[in-house]
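J.: For the protein sequence lines, the chains are E and U, in the order given.
All residue numbers for the first sequence refer to my numbering, where the first residue is 1 and numbers rise by one.
All residue numbers for the second sequence refer to my numbering, where the first residue is 1 and numbers rise by one.
Don't read these hints as lab results, they were simulated from the structure.
Heads up, none of these hints are tricks.
Going by beta-carbon spacing under 7 Å, a handful of chain U positions derived as facing chain E:
1. Trp40
2. Glu45
3. His48
4. Arg49
5. Gln74
6. Arg79
7. Lys93
Where a beta carbon is used, it is the ideal one built from N, C-alpha and C, also for glycine.
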Amino acid sequence: MSEAKTGAAENPLTDKIKALIGTSAERVEASPRWGIEREGLRLFTNAIMDPDPRYWDEEFARKTRFGGIVTPPIYCSYLSRKTPAGAEDPISRAFRENPESDGIGGVREGGDSGPGALPPVPTPLKRILNAGNEIELYQYPRLGDRIYSQARYADIKGHITKDGSPMLVITTETTYTNQDGDRLCILRASTIRR
Amino acid sequence: MVSADELRFKAQLYYDDVSVGAELPPLVIGPMTPTHLFRWSAAIENWHRIHYDQNFAVYHDGLPNILGQGSWKQSILPRYLKDLCLPDGWPWKVSFQHRAMIVPGDTLTVWAKATGKSEKEGLGFVDLDVGMRLDGDVESCPGKATIVLPIRGGRPIPYPFVPPKGA
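One chain only, chain E, in its complex shape (with noise of 0.2 Å):
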């Protein structure tokens, strides 16, 4: 019989995953060096079908509250994810060393051990699922700001499920600041581990 069906089954929120609850990584540049650019901003409004004056067109979006042009809501979350100039093709790498690459493993550089990285949660669970995002705005970043992030372990549950498998959902929270140390937004995402 398996753990489950016996009840033995233990909580898997051990002391050292609790202690890591309210550990921070370090704040480290999201942006390119030289800030956010028009060209990014372009594709990413694109791809979101948001044609918004305020993204694009100075002229207007002087004349609005933001003061210039901004970017689409949490657009600094996703400045990190980019290839910077004169790295390492990460693409090539990849399928190199795996020809069956899924296209993420191996690609992003640093994964989830690089610069800003919270340390991993040591357990044995390795299912990972999607258990849900929340965001807060408080201002959008403008063109040429550059941007910092900074993620903690904001919560972290241990349960054991209805057919007694234990589970955890772990709640990282991570905030995105301008160069002057101005709260741009807050990314809450949940993920399951089974």
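Guided by the hints, dock chain U onto chain E, whose structure is given.
T.: Frame of chain E; chain U shown alone:
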């Protein structure tokens, strides 16, 4: 879809004009195509093959088709709330879950329904149920949001947004 000029000249939605239970104007997007999905992957440099390589998605990962990206959905809901609030309101917060998969051919209706209202320090807070409905009334992204709308004759909503204490 909305045009640039509709957003440029959008009339303000006021707190006074929203009733609890009212549905706000939806945003319809689609039908989605593989090209839309590929454009998003390229824009954010997300090279996960399940979003643009149909052979990989179907024969390697056993999926019904290439899939719309969760990150795209995550960007669409705030964009919709931003549109509702323009020009002087603020799309303060939104939370949601990822449910039904989006595949090519789907048309999405991004929607919001007012579930509560409250005034705090002269600002109008409207709580919403939100989501992204697919054909056949399948909900892909159920969630909740709070937007802040100006009250007629009231004070401007601060920008950068500073929520009142206890809000």
